[in-house]
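A.B. asks: Line order of the protein sequences matches chains E and W. The numbers in this note's numbering rise by one with no breaks, and the one at position 277 of the first sequence is 277. For this note's numbering, count along the second sequence from 1 and bump the result up by 279.
Hints were generated in silico from the structure; no laboratory data involved. Among the clues, some could well be false.
To be verified - Some chain W residues well away from chain E (every beta-carbon gap over 12 Å; in silico):
no. : residue
1   : 443
2   : 484
3   : 522
4   : 566
Said to hold, decoys possible - Straight line, CA to CA, 16 Å or less: simulated EDC-like cross-link-like pairs of lysine to aspartate or glutamate:
no. : chain 1 : residue 1 : chain 2 : residue 2
5   : E       : 235       : W       : 680
6   : E       : 7         : E       : 124
7   : E       : 256       : W       : 542
8   : W       : 538       : E       : 26
Every residue, glycine too, gets a C-beta built ideally from N, C-alpha and C.
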Amino acid sequence: MNRILEKQQLAPHVFRIRVEAPLIAEERRPGQFVILQIDSEFGERIPLTIADADSEEGSITLVFQAVGKSTRQLAAMNTGERIANLLGPLGRPTEIRRFGRVVAVGGGIGVAPMFPIVQALKREGNQLTTVIGARTRELVILEPEMRSVSDELIVCTDDGSYGRKALVTEPLAELCEIDPQPDLVVAIGPAVMMKFCVETVRRYDIPVMVSLNTIMVDGTGMCGGCRVTVNGETKFVCVDGPEFDGRLVDFDNMLKRLEAYRDQEKRKLQECQIEEVRE
Amino acid sequence: MSKATPEALDREATGLLRSIEGKGTQLTPKERLKIPQQAMPAQDPVERRSNMSEVTYGYTEAQARVEAARCLQCKKADCVDGCPVGVDIPGFIKAIEDGRYNEAVTIIHQANILPAICGRVCPQENQCQATCTVGKVHKDALKAVSIGRLERFVADHERSTHGCGVPEVKPETGRRVAVIGSGPASITVAADLRREGHAVTILEAFHRPGGVMVYGIPEFRLPKAIVEDEIRTLERMGVEIRTNFLVGRTRKLQDLFDKDGYDAVFIGSGAGLPKFLGIEGENLVGVFSANEFLTRSNLMKAYDRERAETPIFQPRKVAVFGGGNVAMDAARTAVRLGAEEVNVIYRRTRTEMPARAEEVDNAEEEGVRFHFLRSPKRILGNEDERVVGVECLAYELGEPDDSGRRRPVPIPGSETVIEVDTALVSIGNDSHPLITQTTPELETNKWGNILTDENGKTSIDRVYAGGDIVLGAATVILAMGEGRKAAASIHALLGGDAV
Ligand SMILES: Cc1cc2nc3c(=O)[nH]c(=O)nc-3n(C[C@H](O)[C@H](O)[C@H](O)COP(=O)(O)OP(=O)(O)OC[C@H]3O[C@@H](n4cnc5c(N)ncnc54)[C@H](O)[C@@H]3O)c2cc1C
Ligand SMILES: Cc1cc2nc3c(=O)[nH]c(=O)nc-3n(C[C@H](O)[C@H](O)[C@H](O)COP(=O)(O)OP(=O)(O)OC[C@H]3O[C@@H](n4cnc5c(N)ncnc54)[C@H](O)[C@@H]3O)c2cc1C
Ligand code: SF4
Ligand code: SF4
Ligand code: FES
């Protein structure tokens, strides 16, 4: 179990792996994630969204960005190797039904977790406009996959090297102005991006679903490390989420909580960069 | 705990042993009552502040023999009534006195399969030692026969000599049982049912089995190697252990029957949901549930900063809310991670603290400060949303409440601020909600505990439950007692000895 069947680099620091995981492939629904650990003794447990699954083959697909030590270690693993521990599917599945007109906004790596959601929404007969954004051309991922499940696709880059030169909030605001208004906005990406998407949509009175990527340990509701304030109440992202109505989420607190271990993470990352240089 | 070195304690005990050994069974109760209680050899408090190794070393053989001689071998042994699983206490203590250690373990095993663990973590002063005659004579449960320490001694002795081997397993019955979770309740169910020849699979959400004993209770109090040994024994008996399996998500409860073909299921998923106070500032950076803090340190080994990938917050000045075992463990872990100052803030007084007495003493020796009759009102943060202090309200004890303990009432206007950068919330756990959420037919009470009948059966046929998920946050030995009961019912359901 947990063997890496295929590995592919999608962009600098962005990888896609297909992993043998028959039970998870069978049970998973869009919006759910796994927690994996590379080394049982000293490894960290890291959450990653299930970007796709093939229940016949018994495999799941993960798309991840190598941002710190653990994700870099994962990126360094090869086809045929096994991930020591893989737990899932976790979190509540996305509510998939016919909403009508849906605008889906994916930023950076957030495009990957959004793919199964857009795919399922499309299958339910929603009309989909998808916006994908990245800093620069080479960081745009899954464009053909997204195009295949969307009625309209808008690509933006911060530096204008590809598609439109804009932040994703710009086309989002325009799409909200069009009559009839969208019935649902889905925004998935870095916390800051989700925060600004929510601010953009707030005055239109449109529900905006976000998928929160807080820090997690167990992913089963046992530690409370993933907690966020939603509508003034404490919620656990791993069991109550990961999706919430973004209009109710206290993003400022969440952003600060994401930085709780910043210094230690930097140190670990430096260690692993030094190791990489040595190799 | 004792300030004397283990060697000095052993020398003293050896001398004592020689003087009583000659008299053998001739010792009169009066003479037995005069034998001094044997102190527990322990690591020096200053040294142990900076390591994770077990605090206490356990009795030496001479100490155990002397302590065993303090037992009066009462005809009506009240101690047994105090033990939730009814261990034959005089029986095993007599065996120790006579030096028949393996037999002592065999006697304990009839009621309790995890003596090395219970000897360490049972709140003995509220259980077996609370009702011991010797304690009553001395008018202090702490001066009773040290039943727990003796239990630990023989269990450790057996562990190091493998005196008792792997329990025998009856011929296969062809029946299959799924056991959810791998805490003490589940371990007991698995062992009991496997012994009867049923095929048992443990399904555990974490990557390592053992429940709270591996993720919550720290190494310095319960070495992980002991829990690992117990798990290995289960595996040697043929119990299959599947980690990374979250019932409710990886499989729904009902699917364990429909898709996987199990004949019965036991739920031992524990009290895993940390309670928060619901006060201002609780989601600031630097506020953690004790569960999170302890899991990072224990299960994820974050205390080993060089090797572990999981980070842990570096505490400097710490406030711990609560007065139970979890609060003591969190406070003492913070000490070991290098905190300069650790404050335990508890609403009642020392006498009401639910923590084991020995651990409160240990914590105090390690420099933990106690603030009784205080409760946090809000947690203060800076512009970066990081904790800078806790505002506490003073309390006084009023009328007794339902539990018979005097209820703390706040004194208006008594607010004071303690400057801290870390707050650890350890005010208890609610039951793990995932299985009940994904299994609506499963009946629970208003706290989310699964309801069972006197045989441990739930509202669903073939589904049994026990341990903290039924009792609310309780103890290792109570969880085991529940497991034993449920295992007997499951065995009967599967055809009993007729299969
Ligand atoms: C439900 C969920 C789904 C996710 N899905 C994906 C995904 O599909 N693809 C992907 O690339 N990433 C995803 N993430 C984020 C991913 O888990 C983190 O990038 C990863 O844990 C970082 O580990 P690291 O050791 O490599 O980096 P670190 O050195 O630990 O951290 C680097 C950065 O990542 C942030 N971070 C650290 N730990 C976590 C954590 N446990 N969760 C979130 N952020 C963290 C830190 O704030 C820091 O900015 C998801 C997170 C959650 C909670
Ligand atoms: C820090 C701390 C210190 C303590 N100190 C003491 C002490 O000194 N003395 C004492 O007697 N008691 C102590 N206790 C209490 C004692 O540990 C518990 O009462 C006991 O462990 C309960 O056992 P259990 O079998 O019910 O489950 P637990 O030990 O809670 O184990 C439950 C297991 O089930 C798993 N699980 C949960 N949900 C699922 C699911 N859906 N699918 C699969 N697996 C699942 C969990 O991951 C966990 O491993 C302490 C508790 C804590 C937290
Ligand atoms: S199991 Fe616990 S309560 Fe029972 S005799 Fe042993 S230490 Fe005492
Ligand atoms: S009550 Fe105390 S003295 Fe009497 S048999 Fe039990 S342990 Fe021994
Ligand atoms: S990750 Fe521990 S409760 Fe959510």
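A.B. asks: So, for every hint listed, does it hold in this structure?
C.D. replies: The hints, checked one at a time:
1. 443: holds (29 Å)
2. 484: violated (5 Å)
3. 522: violated (7 Å)
4. 566: The assertion about residue 566 (chain W) is violated, with a minimum of 9 Å to chain E.
5. E:235 x W:680: violated (31 Å)
6. E:7 x E:124: With Cα atoms ~31 Å apart, residue 7 (chain E) and residue 124 (chain E) exceed 16 Å; violated.
7. E:256 x W:542: violated (49 Å)
8. W:538 x E:26: holds (12 Å)
The earlier numbered hints that this structure contradicts are 2, 3, 4, 5, 6 and 7.
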